[in-house]
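A.B. asks: Each chain is listed here by its residues.
Protein chains: 2
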Amino acid sequence: LESGTFVDVKRMLNGLPAHDVAHLLESSPPKFRHTLWRMVDRENEGEVINELNDELRVHFLSDMNASEVAHITEHLEDDDVADILQQLPDAVTREVLEAMDHHDRARIERVLQYPDDTAGGLMNTDTITVRPSLTLDVVLRYLRRHEEIPKMTDSLFVVNRNDQFIGLLPLRTLLVSDASATVREMMDTNIEAIPAYMPDDQVARLFEGNDWVSAPVIGDSGQLVGRITIDDVVDVIREDADHSLTSMAGLEEDLDTFAPVFRTASRRAIWLGINLLTAFLASSVINIFQGTIEKVVALAVLMPIVASMGGIAGTQTLTVLVRGIALGHVTPKNGWWLINREVAVGILNGMLWACVVGLAASAWFDDWHLGLIIAAAMVINLVTACLTGAMLPLLLKRIDIDPALAGGVVLTTVTDVVGFVSFLGLATWFYG
Amino acid sequence: LESGTFVDVKRMLNGLPAHDVAHLLESSPPKFRHTLWRMVDRENEGEVINELNDELRVHFLSDMNASEVAHITEHLEDDDVADILQQLPDAVTREVLEAMDHHDRARIERVLQYPDDTAGGLMNTDTITVRPSLTLDVVLRYLRRHEEIPKMTDSLFVVNRNDQFIGLLPLRTLLVSDASATVREMMDTNIEAIPAYMPDDQVARLFEGNDWVSAPVIGDSGQLVGRITIDDVVDVIREDADHSLTSMAGLEEDLDTFAPVFRTASRRAIWLGINLLTAFLASSVINIFQGTIEKVVALAVLMPIVASMGGIAGTQTLTVLVRGIALGHVTPKNGWWLINREVAVGILNGMLWACVVGLAASAWFDDWHLGLIIAAAMVINLVTACLTGAMLPLLLKRIDIDPALAGGVVLTTVTDVVGFVSFLGLATWFYG
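Chains W and S supply the protein sequences, listed in that same order.
Going by the numbering used here, the residue at position 306 of the first sequence is 306; the numbering climbs one at a time, nothing skipped.
If you want the numbering used here, it's the position in the second sequence, counting the first as 1, plus 1000.
Read the hints as simulated data drawn from the structure, not as lab findings.
Glycine included, C-beta positions come from ideal geometry on N, C-alpha and C.
Mixed in with the good hints there might be a few duds.
[To be verified] Under the rule of at most 27 Å between Cα atoms (straight-line distance), these lysine-lysine pairs were calculated in the DSS-like manner:
1) S/Lys-1333 - S/Lys-1397
2) W/Lys-333 - S/Lys-1010
3) W/Lys-295 - S/Lys-1295
[Unchecked claim] Computed Cβ-Cβ distance ranges for the label pairs, DEER-style:
4) S/Met-1351 - W/His-75: 44 to 54 Å
5) S/Asp-1201 - W/Ala-106: 37 to 47 Å
6) S/Pro-1332 - W/Lys-333: 45 to 55 Å
7) S/Asn-1160 - W/Gly-15: 18 to 28 Å
8) S/Arg-1144 - W/Glu-192: 23 to 33 Å
The shape of chain W in the complex, shown without the other chains (with noise of 0.2 Å):
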């Protein structure tokens, strides 16, 4: 790339599709990006902003007035314009709903009045309807008077005249009928509409568990206001999983992993404060047992060994909740199952892995009484880790705060802390 002149890496750029020219975007640092989207055309602005992750987007619609995003979203789809106004100040959002022409406005609006990450948030507005009534010779006729069906859909929504849902005309079943029949004979009406106010997890699930392409979304009285289509589910489902895997190191989701050293060093410096804290709570604790220490200096390099196991199997055990908690797996009904479970893998995991330790200290420090504090340190501290490691998501869950988010530094200050004081408390009961 970097090698070819100016207008033909513009030509190149402008030819590739928009979700390409984001990932370039993506993967360049920020000095090359600048240059690379400045290459792109006002036309395709739209469309790569929309591709791009919510942070590089942030940033490059700063540069733009109100007029200029107007311009740029208008063919993008609903739920893409809302989900970017979404991101702008409320006041730039207000601007460049002016901006828009009346219809679009309205179109825009019916979107953005549902939060973006419910069902209603993640709709468009372009639906086909036809009634029941109809056959289906004239639902083709009328099909054919429109010059393009919108991408992606598989199904046309069956609606009365109040403009309630009632029942999917899947185009699979259109072309394969009796043109004669009519909609109300050959429509389905096994499929539950979405409410608009459906969690967007949720919204995934039903969409996995039916294999839909895209389904019809409605409001309170059962009116059909749009449909949800599978390519804004994937996004839904990539970014939960991003979550959980961000989160647990303290990083946003949906980050920017080219963003420059300053804005990367201020976010992260926050996380390893909060970590700080943390460590300095676990030194006060061994703290407490200097005298113990300067006794018996062998504890001080054992210690190490019984905090970081015990950080390991209540990350462990963190992980699958957090993981089974993300899927829908967890709840707190079957929550106590899984907590006997924990406790059970950590007392049988705490005494294997007692006895190695045991017996490498001792034989290491020619001492089996260290060998025993030891052993018996590590039973109690794997066993609260993974005590922790269970029931802290599920507590964490219950007062809704992110169990991927704070799940880690509780852990770890748990784990530190127990680890040295059964460790060093054992000893200083035997030693002092």
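Given the structure of chain W, go ahead and fit chain S onto it with the hints provided.
C.D. replies: For chain S alone, coordinates are given in the frame of chain W:
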């Protein structure tokens, strides 16, 4: 659920979509799970097995003989049958294939010849093909002769007389176009078909980028061999995201949240064992400095802070890189920029928290030398952590080791060792 009578529960269970039954099984502890599974009607077993995670699927399949497996998988899609067969022992797979009727066997074998993480392994053979010379009117009549059009069919595939793929005819085009036009005139030839050996993550990216519902798969000589549908791509996306999350905690992907105690314990034991080795390595480093710790016991109190901050900073960097590699953002070429950025981030955050920790340690132990030593160790360890977190996944990727799996262990070993060596080493040089 528990309150209903057996018959009620059984009726309700078999009335649910297979995906919901699978979800229920996955969300149940082992005992309850077996009761549920026995209630699933024989004719629904195939669909449910297909929706289960790998672990549970293998578990239930292991109770069946070959002809039962052949029977319950009869109505599944080709790629799903292939997936199931690939999880069985080779001998059983052969038996199952022999138990199938000739026609089914040929179709399944076609899919089985490709690895299951390639386009070929994801495909179904239920394509509808048309010739370019036909008029749309003929195509419509041809479709009407079908009893049913396969699910997720949004396009017909246009092939020449050698069965080579030459274009797509979307149903949405077919429905709005003049019926006297030919397929050749209306077909979309801009679509590049997917080679059967393309890795599945690349297939997923193509689907996401182009908002495809289905896409053609071709063999070496361009002949159409099948099609991939978005529902299978969604599974790939979910599994890839899951892989990064679970591997970083040393857990297998697609794991069973409610796996029984012994299986869970024995799997996690391996990871704990590996980590124990690295913990002993860190301990043996501390052991070298026993003398210094005996003199200045405050070192034992403070040393976990240096190690733990390094671990956190390194994990953050590692997560960004592992995620970036999985998303295809990071390549060997732009990797250098990331390494430089991470070093810069390490220096900045190292200096920031070195000041804080240095001042806190000086005040705590009333010894500004100690503050200086820990501050210096902090900078060294944070820079090392960021550098390792960035370089390690790039290196591991190059030698074909999964960075998500191996990265964490190597990283914390490095941050522990460097943390202890720099802190205790500087202290020994000063106090010793």
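A.B. asks: Confirm or reject each hint.
C.D. replies: How the hints compare with the structure:
{"no.": "1", "hint": "S/Lys-1333 - S/Lys-1397", "in the structure": "holds (13 Å)"}
{"no.": "2", "hint": "W/Lys-333 - S/Lys-1010", "in the structure": "holds (21 Å)"}
{"no.": "3", "hint": "W/Lys-295 - S/Lys-1295", "in the structure": "holds (11 Å)"}
{"no.": "4", "hint": "S/Met-1351 - W/His-75: 44 to 54 Å", "in the structure": "holds (48 Å)"}
{"no.": "5", "hint": "S/Asp-1201 - W/Ala-106: 37 to 47 Å", "in the structure": "holds (40 Å)"}
{"no.": "6", "hint": "S/Pro-1332 - W/Lys-333: 45 to 55 Å", "in the structure": "holds (49 Å)"}
{"no.": "7", "hint": "S/Asn-1160 - W/Gly-15: 18 to 28 Å", "in the structure": "holds (27 Å)"}
{"no.": "8", "hint": "S/Arg-1144 - W/Glu-192: 23 to 33 Å", "in the structure": "holds (30 Å)"}
Of the numbered hints given earlier, the model fails none.
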